[in-house]
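Visitor: Start from the sequences, fold in the hints, and give me the full structure.
First to last, the protein sequences are chains A and B.
For the first sequence, position 84 (counting from the first letter as 1) is numbered 84 according to our numbering, and the numbering increases by one without interruption.
Position in the second sequence (first residue = 1) + 1000 = our numbering.
No wet-lab data here; the hints were simulated from the structure.
Be a bit skeptical, because a hint or two may be false.
[As the list claims (entries may be wrong)] Okay, derived cross-link-like pairs now, PhoX-like style, lysine-lysine, Cα gap no bigger than 20 angstroms in a straight line:
{"hint": "1", "chain 1": "A", "residue 1": "37", "chain 2": "A", "residue 2": "119"}
{"hint": "2", "chain 1": "A", "residue 1": "80", "chain 2": "B", "residue 2": "1080"}
{"hint": "3", "chain 1": "A", "residue 1": "73", "chain 2": "B", "residue 2": "1073"}
[What the hints assert, rightly or not] Stretches of chain B that chain A covers, calculated by requiring three or more beta carbons in the stretch to come under 8 angstroms of a beta carbon on chain A:
{"hint": "4", "segment": "1045-1054"}
{"hint": "5", "segment": "1072-1082"}
{"hint": "6", "segment": "1086-1095"}
Heads up, the beta-carbon is just placed ideally off N, CA and C, and yes, glycines get one too.
These are the residues of each chain, in order.
Protein chains: 2
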Amino acid sequence: MVRILGIDPGSHKTGWGIIDAEGTRFRYVASGTITAKGKELAKRLVLIADDLDLIIGQHQPNVGAIESVFHAKNSQSALKLGHARGVALLSMSRAGLEIGEYSPTQIKQALTGAGRAQKEQVAQMVQLLLGHGGPFGLDESDGLAIAMCHGRFSGSPARKFLAAKMLEKAP
Amino acid sequence: MVRILGIDPGSHKTGWGIIDAEGTRFRYVASGTITAKGKELAKRLVLIADDLDLIIGQHQPNVGAIESVFHAKNSQSALKLGHARGVALLSMSRAGLEIGEYSPTQIKQALTGAGRAQKEQVAQMVQLLLGHGGPFGLDESDGLAIAMCHGRFSGSPARKFLAAKMLEKAP
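Guide: What follows is the structure in structure tokens.
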């Protein structure tokens, strides 16, 4: 069994989800959204880091997972996202977690079988695959989806092979 | 007297400089470059954060200063810079430092009187104003320049007024 922490970072809202993965089965552990209020970015980053440290300490995940980012609307939004993402990577890495990075297409593919699935479809599959009705906030659901993507792609060699095949076929 | 830590963050090289500012006089305290090696960004961020925490603990600055970023070459470089900048802001804010942010034009203006000064000119003024021959690495020198910019702009109301006037005239 492996306990996975998935994080969907943002400088205002950071979604997170923790699942236990055993073979092909997932079990819901915990999830939430860190809402960082206030004008000052530096103080919001402290809130995010402190909360993530607390969550990691409380639930003791074995590995971390986060979305890889290749595109952003513009350099300003990339910069802001980078701040929150850097802090999330720091919290995970300082806790000794190996970190898996997955593209949005990989995450959608892992959960729905289609790399271009709608956000709502992914959210629905999160609930279905975890057998947990939520309701989850959007960022929270994304955090869980990223954790589940890691669970699906980081398993046995056979599953890794299948996952790679799935990705080849992904649009 | 105020002890100022200036940081020029980067995901590979992070320059830092600490000065004591008293009235219009600056005294060199310490400076350096944190070189974060390795392929994995998350581990490089831990190196940067750990070193900054150590430096802050050792030299006990009262305030922090960092360059504000409005433009980046592209969203990929903005994202990378954002990771390192987020970690630098986190270290300073966690240590309770108030943080001043200054544009590249403000920093050049504060040190040379010209907002469009060349990098070499800024580096020369850092040495001259600190009465310290260095030699400083480029990022290290930028860290010191940012600290000195804060010293110049955050002083008495009269100096603040003068600084504002200087900026009005800046190109």
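Visitor: Each of the hints needs a verdict: does it hold here or not?
Guide: Quick rundown of the hints versus the structure:
no. : hint            : result
1   : 37(A) x 119(A)  : violated, 25 angstroms
2   : 80(A) x 1080(B) : holds, 11 angstroms
3   : 73(A) x 1073(B) : holds, 14 angstroms
4   : 1045-1054       : holds (count 3)
5   : 1072-1082       : holds (count 11)
6   : 1086-1095       : holds (count 7)
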